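Peer 1: Here the structure of chain A is known, so what remains is to put chain B in place on it, guided by the hints.
Protein chains in written order, with my numbering: chain A, 1 to 792; chain B, 1 to 224.
A portion of the hints provided could be inaccurate.
Claimed, not checked - Partial list, computed: chain A residues near chain B (C-beta under 7 Å):
1) S250
2) S252
3) L265
4) L651
5) P673
6) S677
FYI, nobody ran anything at the bench for these hints, they're computed from the structure. Bear in mind the structure is a predicted one, so any value in this text is a computation, not a measurement. Note that the Cβ used here is the ideal one computed from N, Cα and C, for glycine as well.
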Amino acid sequence: MHPFSVLTLAIFVAGYITARWALVTRLYELAIFAWDKGVIVRATQGFGFLSLAFLLVFIPVQQIARTEAILHDGLMRVFWPVDIATSDLPGVIVGWRNSSLDVVVIAVLDHVDPKSVENALKTGILLRNAPHSVPRIFELCGQPSMHVLGVTNPSPDSNPDPSWVRAATSPAQRVPCVTCPKASSIQTIVFERPIPLRMQYISLNPIALSLADKEDSSLYSVSDASEAEDEKQERRNKQKKHVLVEKLRSHSVVGHAPSQKDQALAKIVNQINWTWELEHLLQKNVPLIGPRPKRTLSVSERVVEHATTMRDYVILCIWDMIILYVFPIIRRVFILALLGHRLAAEVLLRVLEWRARPSSPALKDISATAQQVEIRLQQFCYWPMQYVKLRLRKNDWESVTTSHPDYIRFYNSLWLVANDVIIGIALGSYIIENAGWVADTISMLLSTYTIQALQNSISWLMGWPAGLKLNSELALFLGDLFLWVIDYWSSCIQTLQPLLPHIIWFIGFSSFAGASMPIALFSDLLSMLTIHIYSFYLASARIFHWQLTILLSLFQLFRGKKYNVLRNRVDSCDYDLDQLLVGTILFTLLSFLLPTVVVFYLNFAIARMVIISLKAIFDTLLSCLNHFPLFALMLRAKDPRRLPGGIRFELRDTQNPRPRNDSKSPVSTISSPPPTSVIFLKPTPLPFAAMFHQYFQMGHRIRKHYLSPRVLFCLVTGRFVPPIHRKNLYSLQYSMLPARRAGIMETWEALNSLPAKKRPIKLHPYGVTTNTTMMTLNGSRRHMNGRATRGL
Amino acid sequence: MRLTTTPYLRIRRPSPTTAEFTVSTLPPLTPSLRMLLLSITLLRTVLSLQLVLILYTLWASRSSPPSSSSPLSLLLAHLHHALTSPSPPARLASYLLAHIPGYALAPACAGALYALARARVHDAESLLVLRGLGVQTSGGRFIPTGKIRDVLVNEAFRGFEVRTYLVVVVDGEDDVVVVFPRLLPGARIVERVWRGVRECLYEEGKRGWEGEGGGRGIEGGWRC
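With the rest of the complex left out, here is chain A (with noise of 0.2 Å):
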């Protein structure tokens, strides 16, 4: 200090204390007073004892809370897509940050400036010219704005961010070495972009290819009894399993609360499925925080322009004209056409849906055909629907995967129905031309199978079959009773037999409506031209378990017992003589009786099982006609990528083995690099056995109904097989559609929601055209931006 001012101060402070000598003299009796009564000795004791505590409480909690926070949280992921355009130039990384050590990396900006990036990003700059809503884009990747996440290559005198990241990248690397001054160890994670122009995308969980599993309950609700008695017993069996798992539950020993990085999984599957479309629209705009490099054309080069562009002018006016006034035209007819075939489709399910009453069954559940047509009803109500769906799709950005299960539902069904007509085509074209012979050759396999054959069988039954000594009496009169009603029934077969051409011309005619269609008309005649055998078997069924049972019953009686009713058990009983003698008699004559009604029976029930065997096979046929998946096998083999079942991670070895020095203490890792894993996130396509998943569904269905112990016992004793409803059977097909079909005003204002087809080009009133009009707008956002150094 100046001696001067030392002097000036000192004379300052002289002056002050003689000024103000009352203040000086209270200050010092008040300090007196201090002393006296110890304040000074307890203050430099609470100081002394707050230092002590700082020095051992809070410094050692502050340096044991740093080494946990780099040794616990310090694992940093990043994710990196591969594809990216990498040079060794410096760079700007943008991407999302989920959180502080968990990135995902959508684009590598070169020759910027990350300052002006991070303001580009703030004021929405990289995001101009975006085609659809930018918040749209920030909803669904869960993160309220894009950042600025690091360097590439980043020059040695240069100082970023401490959290930021810095990758190394170069054009020969694929993977990046990527580092960061915050984290201990570090989680590459590297992936292919999804391009959503080819609809590609990933995901957490496989795509699915059917509607989502509806009124499962509703669909089984309406079976018989005994169906229901099964899934009573599935229902119990999947409760049982759900109270284990419930068990398993509450005897995990420790719950791990997801930390951020494992909630944010979900989160970064969209983001990744976004990552093109964001890089595309990100580099499209970096010029624009960039030096300016481009400007704007001169009056001549317009001119020439202009004159180069003028043929392609005047097709895009004429183009302009055509969708402004005669689009909507043909659009409006179009609809009404619509709207008058789902008023058609309409009535006719009704019908076909008519019950009458709630239990009775309706017209779809008896007959093939009625079947059949209300699904292609059903379909044709619904594809309107799901186009307009499709067509929403367009105006949102490709990145959005919600519809694409959609997309590939509709042509899946639309491929179908495409394909089932041109086989019908061949098909009916073929039965209409050899109408005759198709009409000969059935007719001839009705007389040899279902009436030559029956007969020889019941012939053969009657006298002795393979040395079997059967009563004759009772098979001569079985025998004769079943060949008079085939005779009869032969006699109605022949009067039939004139009209069969034109029934088989019909079924033809009716093949172009989708070979499906004679398929089922062909299972419904069979159904229809096997009555007899199926009544057959019911009479047999019955007498052979009327027999049985009255034998059961005699046997209790032979044993002295008794079935009581009440109590649902056996009793012995006190029997009369009499009585115990014409029951065993009965008994004895019952049971040599047995045989001869069994071969009976036996030879009625086989007809019956080839009969449905066969029409099995006719409902497998138009369960594949009206269900394969061949859309998403085509795509499967097409583009895996469609069809996405899942993800994959594979571990690669890295190139430069992580030192082994660097563990004793965990500072040390900051300075030298922190052990880098590389993982590849590959997407699995779809598994072929959960695309035809329903079909195994349908498959274990129809074996649980047939070759269940509950058949086979059914069976043996005689009683009715009953046949698998057809709800059961065809619940693969009704997979396709919805569960409630839309109404015919919902259909109505669905069609006329969509928007109408954009025009090509946006012409100015004025006269001036586009090309001016794009290039003012393009000159007023440089001066907006201000940083235009040249005006227009």
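Peer 2: Below, chain B without anything else, positioned relative to chain A:
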């Protein structure tokens, strides 16, 4: 000389938060073992070719030999001639064809081809654990961390023995996921993998991943 060993464990751990546990039955590759494996591959190829030749002979005996003069059919004719000229494999094929009916031979050949293509000398199964992401088994099944309820070692009867195996209990599913389902390695390996998985996923137990030998390299000491 043994082609396989009892299953042993190999750990790849480039960083403390990522680990891959591989259980395999491939013994260390000595030159003699390499030769043996190569000869097995050769034998398989020769056998498959012989089966294909039998199938071709069967097909050619059913269909008439190509007669037109387009280049493709000429090539086919040459091929046919070369294949059916008297050589030991062709003679074997025609001998088989003469003695066994075609409807039995064709499915048998196809089945044998399939078995040859599918049969494996060694087996390897792996488990990849990524902290913050999840667990992936070698079957391609990926389970996110949020859905992992627990990872535990369980015991079960299988035939007349007790097997110890590692399971992942998945939230919201009725069945547990068995890790290493085909090889089912012994209790010591399973326990080691279990410790490794818990440590890698939740950072429990010792913090001693440094002692595990720098990430890569076969840890051959653990043969059960």
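Peer 1: Can the hint on S677/A be confirmed by a CB-to-CB distance to chain B that is less than 7 Å?
Peer 2: holds (4 Å)
Peer 1: Measuring from the C-beta of P673/A to each C-beta in chain B, is the shortest one below 7 Å?
Peer 2: violated (11 Å)
Peer 1: Does L651/A meet its interface restraint, that is, does its C-beta lie within less than 7 Å of any C-beta in chain B?
Peer 2: holds (5 Å)
Peer 1: For the hint on S250/A, does the least C-beta distance to chain B fall short of 7 Å?
Peer 2: Violated, about 11 Å.
Peer 1: For the hint on L265/A, does the least C-beta distance to chain B fall short of 7 Å?
Peer 2: Hint holds; L265/A Cβ to chain B Cβ min 5 Å, cut 7 Å.
Peer 1: With a cut-off of 7 Å, does the beta carbon of S252/A approach a beta carbon of chain B closely enough for the hint to hold?
Peer 2: holds (5 Å)
Violation of the numbered hints given earlier is confined to hints 1, 5; the remaining hints are satisfied by the structure.
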